[in-house]
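A.B. asks: Order-wise, the sequence lines are chains A and B.
Following the numbering used here, the numbering of the first sequence begins with 5 at its first residue and continues without gaps.
Following the numbering used here, the numbering of the second sequence begins with -6 at its first residue and continues without gaps.
To be clear, the hints were calculated from the coordinates, so they are not data collected in a lab.
Just so it is clear, CB atoms sit at the ideal spot from N, CA and C, and this is done for glycine as well.
Treat each hint with caution, since some may be false.
Claimed, not checked - Sample of chain A residues at the chain B side, in silico, Cβ under 8 Å: (1) E37; (2) S83; (3) N87; (4) M98; (5) T110; (6) E160; (7) I164; (8) S166; (9) D167; (10) Y170; (11) P171; (12) T174; (13) M197; (14) R228.
So you can see what is in the structure, the chains are spelled out below.
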Amino acid sequence: MKTLIAIFLSLAFSAVAAMPDGHAILKALETDETLRDDLHASVSLTEVRTGQGAKIMKCEYYRRDSDKSFVIAMTAPESDRGNGYIRQGEHFWMYRQNTRTFQHVTRDESISGSDAHGGDFESRPLTEMYAPSKDAQGRELLRTDTVGGVPCWRLEVRAIVSDVDYPKKTFWVRQSDLLLMKDESFSTSGTLMHTGYYTKYQLVAGRQFPMRQLQVDEVEKGNRTLVDLDDVKVGKLDADIFTKAWLESHSK
Amino acid sequence: MKTLLFFAFRNILRQKRRAVLLGTAMALGTCFLVLAGSFVAGITQTLFERVMVYVAGHTSVIVGDRGYLYRTALRGEISFRDRLAKLPHVKRVQETMAIMCRMVGEKKGDNGILIGVDLNQKLSAKELAATRDNFPMVSGSFLDLSRPELDVPAILAKSKADYLGVKLGDELAVRFQDSRGRRQVAHLVLVGIFQPSNSFMEAPLFVSMPRLKAMMDMDSTDLPDLYLTLEDPQKNAIPTADSIRRIMASRTAALPVSVAGKSGSGNAFAAGLKTDSASRARVDRELRPDLGWETGRAILPADLAAKLSVRPGDTVRISSGLSHAGDPVTDFAEVAGTWNPPPGAQGLVLWDEDAFQGERSFRSRLPGDSGIPQVQAASKLLDTLLSPEWTVLPRTPTTDDVREQVRKIGERDWKSPVVAVRTMYETGEMILKLASALNVITLVAVLVLFVVVLTGVVNTLRMTVRERTREIGTLRALGMQASQVRVLFLLETGLLALLSALAGTAGALLLMFGLSRLVFGIEGNPLSILLVRGHLVFVPGILSTLGQILLVVGMAVLAAWGPSAAAARLSPAVALRHHE
């Protein structure tokens, strides 16, 4: 009996010892989001809307975190080919090929009729926005769980600043390497509004990239978006790419 | 004159066929002119009284916040509503909120606009009738919006309710962003369904104003957009807007804060310091912060920095109190350096304007909020570098100006909240321009038509003069003066034109009556915005119709001048000798 108790105790201790604290998990997620080098990826979005079927959008995505710039050049569907978006610092423009004009996107303007708004593209370090939620005893709401059979840490967080989309979130990160597997976003009233699943990672230039993710709208049931990344390249990109002139010439 | 009138009538009746043909042409031209003018006036009235007044009020105060067009709240500034209500010619000041949302029903989801309705406002009998006419209820009642036993009662257009698959008593979810930019979802209960008078009115989802404010995380002291109803709006809207702009001039902003560093925290006041390139250079030159002035940074008073044991490059947490929902309002700032505030401004933290205004926009105001004296003491040194409570934007006399201003708000030309004062005649100036253009096009078309008709008049008169040469000679021989001969022919033409114009006007009124009874089933077509419940709207104005009749008569008389003068110039002796 003593041996059994000793085994259970050692298992318990080993589990506790392996469990990181909530802040470490948030920091790991923040590190995953941060890019020191520039990034290029071909992105495919399959948007399914209730009663409307699937719509596939494809684009080339160029990102440079050093000055918070990115460029999105649409390649599909045909009606959107040549259109694009460019962000330079705090300015965000939409380019329309048919009129050859750049139109400023306001912070609360919808992007391509989606749920995304201009303000959503303003990134901010995760640890500046959220902190682990705690129970009545002051313990972090962090426990073990599984996502698709994969052992995960489940961490509930709350916003610590006012300027966030969702005041409450829950993250599931893989125990082995703290990679994000799933997240849920809640409104102030605690209603689940959105779930993200990150189902496929790939090692590129020494770091893991979520190559496939599924974003599920929990309010409008049946609406979901599948995001696939391809041709991910990390490294210095030509500075000309992050200019309006490049986007305009690229769209011809 | 009486004799001349008698002769003129007699002559018209003598040449019945000719008069009927000419008169019909002129009547048709007049009919077209009156009909088109009334149609344009109808479109203008529909757009202003059934659309623009709901979009812009007679005069409106529009609030925007840091590049967000739909975050419409000046925290704690509701007293302006009562101040503006005391202005001359103001009948009513109404809080208004229009929030873009996604409505999710049983069957489908659709975009919509959440509109707050103030059920406490007192409407005149005429206004009440107009509201009932614009929003005739199919089921339920607008008064049900205040039912206390329901969380959020709502009223929706019939077409939207059918599309979403909801009926009276059903629940629908609404997703939106609150005044702090957070994504929220609310569950509404449908207590009323109305038949919209035009397609523009299909989008709103009405809820009571207090409930919408709560959903938007605003309290009763927060000022949303305001719509003012005025006496004689065409005359008073612009002067009232100018007065409001003067009344709403703002001061430099201040915020009581608590700053936490490595060794505890301290109470202070914060001011926003601008971060555009010119301001950054000036701050670097005059205040010399160690790290240089950038967004996300703060300059602390030297004594406060020492108390908190923070140095340039360290991060401090700046808290300013609670939001309406009770959440702490906090943010972080990197310490750029320290400064020694001038006398009276002790304890003043200089904070990046963007973050500072963000915190101001989230925090509920408290009685006795201060910091203003400290900021005013510092303003002698920092003047234009300091962020205002809000920026009152320049007036926008045209639709293009409004569009440009909206673009600039989006581009964040102003980091502080912004207040724009507009009138529906300026915002809808494009509609007035369009109406003028349509009127000009109509007039040109009618003028072309009349050139053809009046060529006929001239020809007819020339023939008449020729046919009646001996008669003219007889009349002259009997003592009629040359000028009376000219007047006789002008009277003949003028009378014919007047009778034709009156007949054309009567025809136009009959056509309007008939056309306005037709129902055009073009729901979903953008042009349906010009209709009222599927009907065309004509507004024949008395003055404009009189003007159109005068125009027709005047043109006819002008055209008759030449032949009449020729008749008057005839010598009686020559005229009497005339033989065909």
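A.B. asks: Compare the structure with each hint and give your call.
C.D. replies: Now for the hints, and whether the structure bears them out:
no., hint, verdict
1, E37, "17 Å, violated"
2, S83, "20 Å, violated"
3, N87, "18 Å, violated"
4, M98, "11 Å, violated"
5, T110, "3 Å, holds"
6, E160, "16 Å, violated"
7, I164, "6 Å, holds"
8, S166, "4 Å, holds"
9, D167, "6 Å, holds"
10, Y170, "6 Å, holds"
11, P171, "6 Å, holds"
12, T174, "15 Å, violated"
13, M197, "6 Å, holds"
14, R228, "13 Å, violated"
Going down the numbered hints, you'll see the structure goes against 1, 2, 3, 4, 6, 12, 14, while the others check out.
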